[in-house]
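Undergrad: Residue-level listing of the chains:
There are 4 protein chains.
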Amino acid sequence: MGKSKLRAAILGVTGMVGQQYVRMLENHPWFEVTTLVGSRSAGKLYGEAVEWIDSYEPPARIMNMPVKVAEPESEDVDLVFSSLPTEAAYQLDTKYAARFPTVSDASSYRMEPDVPLLIPEVNPDHLGLLEVQRRKRGWKGSLVTSPNCTATGLVIALKPLHDAYRIRKAVVSTMQALSGAGYPGVPSLRIIDNVIPYIKGEEEKVAAETKKMLGAKSSDAISPDPMGVSVMVHRVATIDGHLESAYIETERPVDVEEAKEVLRDFRGKPQEMKLPTAPERPIIVMEQDDRPQPRLDRMAGSVPGMSTVVGRVRRGLDDHSLRLTLLSHNTIRGAAGNAILIAEMMHELGYLE
Amino acid sequence: MGKSKLRAAILGVTGMVGQQYVRMLENHPWFEVTTLVGSRSAGKLYGEAVEWIDSYEPPARIMNMPVKVAEPESEDVDLVFSSLPTEAAYQLDTKYAARFPTVSDASSYRMEPDVPLLIPEVNPDHLGLLEVQRRKRGWKGSLVTSPNCTATGLVIALKPLHDAYRIRKAVVSTMQALSGAGYPGVPSLRIIDNVIPYIKGEEEKVAAETKKMLGAKSSDAISPDPMGVSVMVHRVATIDGHLESAYIETERPVDVEEAKEVLRDFRGKPQEMKLPTAPERPIIVMEQDDRPQPRLDRMAGSVPGMSTVVGRVRRGLDDHSLRLTLLSHNTIRGAAGNAILIAEMMHELGYLE
Amino acid sequence: MGKSKLRAAILGVTGMVGQQYVRMLENHPWFEVTTLVGSRSAGKLYGEAVEWIDSYEPPARIMNMPVKVAEPESEDVDLVFSSLPTEAAYQLDTKYAARFPTVSDASSYRMEPDVPLLIPEVNPDHLGLLEVQRRKRGWKGSLVTSPNCTATGLVIALKPLHDAYRIRKAVVSTMQALSGAGYPGVPSLRIIDNVIPYIKGEEEKVAAETKKMLGAKSSDAISPDPMGVSVMVHRVATIDGHLESAYIETERPVDVEEAKEVLRDFRGKPQEMKLPTAPERPIIVMEQDDRPQPRLDRMAGSVPGMSTVVGRVRRGLDDHSLRLTLLSHNTIRGAAGNAILIAEMMHELGYLE
Amino acid sequence: MGKSKLRAAILGVTGMVGQQYVRMLENHPWFEVTTLVGSRSAGKLYGEAVEWIDSYEPPARIMNMPVKVAEPESEDVDLVFSSLPTEAAYQLDTKYAARFPTVSDASSYRMEPDVPLLIPEVNPDHLGLLEVQRRKRGWKGSLVTSPNCTATGLVIALKPLHDAYRIRKAVVSTMQALSGAGYPGVPSLRIIDNVIPYIKGEEEKVAAETKKMLGAKSSDAISPDPMGVSVMVHRVATIDGHLESAYIETERPVDVEEAKEVLRDFRGKPQEMKLPTAPERPIIVMEQDDRPQPRLDRMAGSVPGMSTVVGRVRRGLDDHSLRLTLLSHNTIRGAAGNAILIAEMMHELGYLE
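Just so you know, the protein sequences line up as chains A, B, C and D, in that order.
Under UniProt numbering, the first residue of the first sequence is numbered 1, with each subsequent residue one higher.
Under UniProt numbering, the first residue of the second sequence is numbered 1, with each subsequent residue one higher.
Under UniProt numbering, the first residue of the third sequence is numbered 1, with each subsequent residue one higher.
Under UniProt numbering, the first residue of the fourth sequence is numbered 1, with each subsequent residue one higher.
This is chain A alone, in the form it adopts within the complex (with noise of 0.2 Å):
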């Protein structure tokens, strides 16, 4: 590119999720992290707050910056991406999409009516929703949002699917990665040789964001899909990667063969569009017996924890069920990944202009 790079800032870099951020921005062809923010660290140099929990060497250059208090109104930026804790992006998400362009993985505006809430290969079109949110709320900016990573790998498996044979349910059981719950999060004494069936929210959410992302966007609203949507949750301890196991009831009969065909076929707009993060296949299809697991396959494909991994594809109770099993990275597809995806579908249809 001849012209210089977008400027980005980072809301709760500190955090997990920030630290995908600093990761996958380093040496990013269009953007460039230029401001870091976050609250309990402010005063800092990021090296000094930051406790790195990857094995990943963080970049020298970042590690030297210093992290400053949120200032919305006098932020020097072109983009921002958020991924601030509930509470902090209630107040500080729309302040920033006041003035900039502003991709968040808080769940606080998820689901608002005119807020887009996407997965840039399965509902391009909601980013439509801007122009309502714009009108709306007078903003100069504007905000997009990234859903639940539990959600994110279910509803990339479910759309072509969902294209295919329409479904008319989804009982979906969660085995979670432990960063999923952010740091310090889980308690070692809670997970060693045990499972927690429980994340508070996570069921209700689930279930919601999918309907809303599989929904049907009409002139200004998105109508939520009618499919039927029962998540049960569950931790387990693994590092990274969220496993789901999915039982579908569909409208049309489903054969087994062409189902896996159907999903290994699905491709999006940002594969089209062949941007920077997208993988080359959003789904990748495992034929062994015993795959996808987490810590084998969570980083497949193309783009490291971008591809959504589906195995053990096979019959349910009758010819218009099916059951499989998709993995999902939870910080990269689930969180910054996504984000940065939305971010540059939203470069190339200048909406960061």
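I should point out that these hints are in silico values taken from the structure, not numbers from a laboratory.
Any given hint could be a false lead.
Cut-off 27 Å, straight-line C-alpha distance, at most; resulting in silico cross-link-like pairs (DSSO-like, lysine-lysine) [said to hold, decoys possible]: (1) A:Lys44 x C:Lys136; (2) B:Lys169 x A:Lys211; (3) B:Lys44 x D:Lys169.
Derived CB-CB ranges, DEER-like [as the list claims (entries may be wrong)]: (4) C:Gly47 x A:Glu51: 30 to 36 Å; (5) D:Glu57 x B:Ala88: 53 to 59 Å; (6) A:Pro253 x B:Asp319: 26 to 32 Å; (7) A:Ala221 x B:Asp319: 24 to 30 Å; (8) D:Glu26 x C:Pro85: 52 to 58 Å.
Only part of the chain C face toward chain D is listed, based on derived beta-carbon distances under 7 Å [stated by the list, open to error]: (9) Val195; (10) Gly316; (11) His320.
Cβ coordinates follow ideal geometry from the N, Cα and C atoms, glycine included.
Take the given structure of chain A and dock chains B, C and D to it, following the hints.
TA: Relative to the frame of chain A, chains B, C and D by itself:
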């Protein structure tokens, strides 16, 4: 009891389930272990042969007993507990059953039409098949089987709900403990920071066994229950205790609070008969948001490891569906404990004479 | 006992050690818990306040008792067990000790010259310091401290060897359990597939406390033992039980088999006095190549969690050195259990009157 | 390079170390894998035979290559890497060495007087033994061995300290990763919530190999270094990376800050020669209190897995002792990586012609 104890043989005594038999029969009021049978370890003392992997200290009496090869024709015992590997059980379970009352944990004969597959609280009437069995096979002894460790907890939880609401479909995802794979079982390199979404043959077994146990006994056979059962299995890094997340659809409308009462109030013949290994409550219902958990709850109840612990009972997609999480100790209620309870019930009903 | 039980308060009762006190004092023959003190949880019932993380089911009587704030001046009890965090213990332990016999697990006063740091089997004569303490401080009550959980097992194993061979140097590497860090303690993201070679302040504490406990009591002070103690600590992913690998050099030549006898034959005052919480054998020596192991052996012995389990006793570099591995339960003998044993010994010696 | 690559055979190619060879030799500038040898998997394609347990995706070229039986007399290669199990290595390593330059990870011949046991940074001069070897055995090829995975990191860290301060004693406790036991290796039931203080034969190997590698080469033999080495080994629940906690006593007084410089400044022949697999810094010294940690640091440095990471350098008992923690990747530097580095050095020194 004034009379002397019945002499019991344990087949496959050095395995994980064999170790549970040793533990649970020590100080049993009615049965006494007098014969230890193992193939690879024959000729050694038990203490030399066994790789004891429990924190419980094995009884000195047993540690000093010799392990011998199987001699079904000349064994001098009153009853037999078999926890042989599948292949060996095919060879030996029927040879023992020809002469002795035999209770087997092996899957080999579970689905035979004239072999009861039994959970004493659930289908004690299936014991009536033994008449058919004797007639057909001409045995002096008998063969009763104990179900798959995953089916066991599931069927205990489904039974009272089925009676109350008539279940049409059950969709179940399991998170199974390492001890279910025996010893050495799952390599540690496979399971640390991981989940394996596959256990060979398990999904089919759980579905078929569930339908047999909940089936109706006619004069000389069992008609499997017509409900649909779809099972998706996963191995997780827990030592003991299979956790199962279930979604059911029912014929009659179901009320969540009432369903909890139905589960809580469930009692069976073992409780009526006050059998030594019968837990006071076959089902324990927990109200906390985040329970049951394998490490905390697998030993809950008056006879540790014998109760099924149910939690997170909540609404499914509509008035005819329900979700719940259940936990069952796989080597106790899921194997040795259930087999011992079967033998105790047979004893009281005169089947061991 | 004909007389009624002594009434005990537990300070810091909702923490991990507090939970062990509750468990171990239930049904105690001499002591009865009558007062629960906690700061953050004051005003709640114990059952509401505690995050119980053990599979043991807490006694209903205690679950329904209120937790109250500390009121050292008006408490109505006969003795006090303190497991307060260090800072709170600085404030409160001495206030309670001014009025009541107080046994504290906190590190706050362990190194004070007039405060006994006690393992009843090792240095019961250090209780004599209480005369100095009373004289110097004018207290009606008294303060005795229980050592660091890592020092406890180490000192128990070193004591008989020191008596027999005179230890000059001990080089120790520890592999410590998660429960030693309290709750919530170590984040799971830090410890899965990992070891942390650091625990703040631990190495210094273990060295200093070991030398104090093995030191000689003169008329009114303890001279620390002159042996060199070098400790390197590590946190590993075990729930309970600190494993320690020790290399020692001795003044007198040491024979391996004789050293095992010396360890096996070790008995102390609690065994002589047959105190209720005294294990029959303070040290259990295992001969198997691969023991002790935390999960298998932390509860070994006649009073689970109170014995130090020693194994792999073998030659060091020459005739004056020895190596061994030891295991000690950190929240039982390393905290609540040792404190209760101290109180039992004080009771029998008339210090609680 | 203008000339074509040297053709390499890998013996034992489906094992864990074999898998590392495949990964590290893909795209190697000088060597090309042309022959895969395995016993049980002979006749299959590599992709069918291997139980791949790494998240790295194996190269398609290798996955489609056949695995063949060993034929030392007719193999058509330029060099051989052997990672056979001990027994097979006894049979085959010398047969291959009779014809080809062979680098072996097996322990079988490591302690033979005429066989170099090599870490290229530590004792490159020991390669001179090959003249003795050729003379004595009449081989066309040669045999060089790569040390035990625990000895490797230890010796790299001790070497510069030994040169600077002359080490008299090293007391080492290890916390070793699961991959060191191969596959299937340690059963998961043994290691969850546990530590195993034993690995058969390991302590003796580490001590003897350390002394050989640090020993002096005379005209035709190595005199083992006289330092005392006492090793206590433990298996912990980490995937990769052996952590070792070391206490050393030195002849000359040692200053902590200076010792860190000595470690940091260490460079060897591979760095001078800029060998492809040589890390820029053989030793990385970390200053953080709680590092190195296996999961975070095992892949640190310019060639992941090839550097020894040292931390917690601190005073021992007096001016002549020092403590430190070190981490070394056991299947990379501790096996395949070191063997490849040996071959690279031999290549540059003309030993492969």
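Undergrad: Now tell me if each hint is right for this structure.
TA: How the hints compare with the structure:
no.: 1; hint: A:Lys44 x C:Lys136; in the structure: violated, 48 Å
no.: 2; hint: B:Lys169 x A:Lys211; in the structure: holds, 23 Å
no.: 3; hint: B:Lys44 x D:Lys169; in the structure: violated, 44 Å
no.: 4; hint: C:Gly47 x A:Glu51: 30 to 36 Å; in the structure: holds, 34 Å
no.: 5; hint: D:Glu57 x B:Ala88: 53 to 59 Å; in the structure: violated, 40 Å
no.: 6; hint: A:Pro253 x B:Asp319: 26 to 32 Å; in the structure: holds, 27 Å
no.: 7; hint: A:Ala221 x B:Asp319: 24 to 30 Å; in the structure: holds, 29 Å
no.: 8; hint: D:Glu26 x C:Pro85: 52 to 58 Å; in the structure: holds, 53 Å
no.: 9; hint: Val195; in the structure: holds, 5 Å
no.: 10; hint: Gly316; in the structure: holds, 6 Å
no.: 11; hint: His320; in the structure: violated, 12 Å
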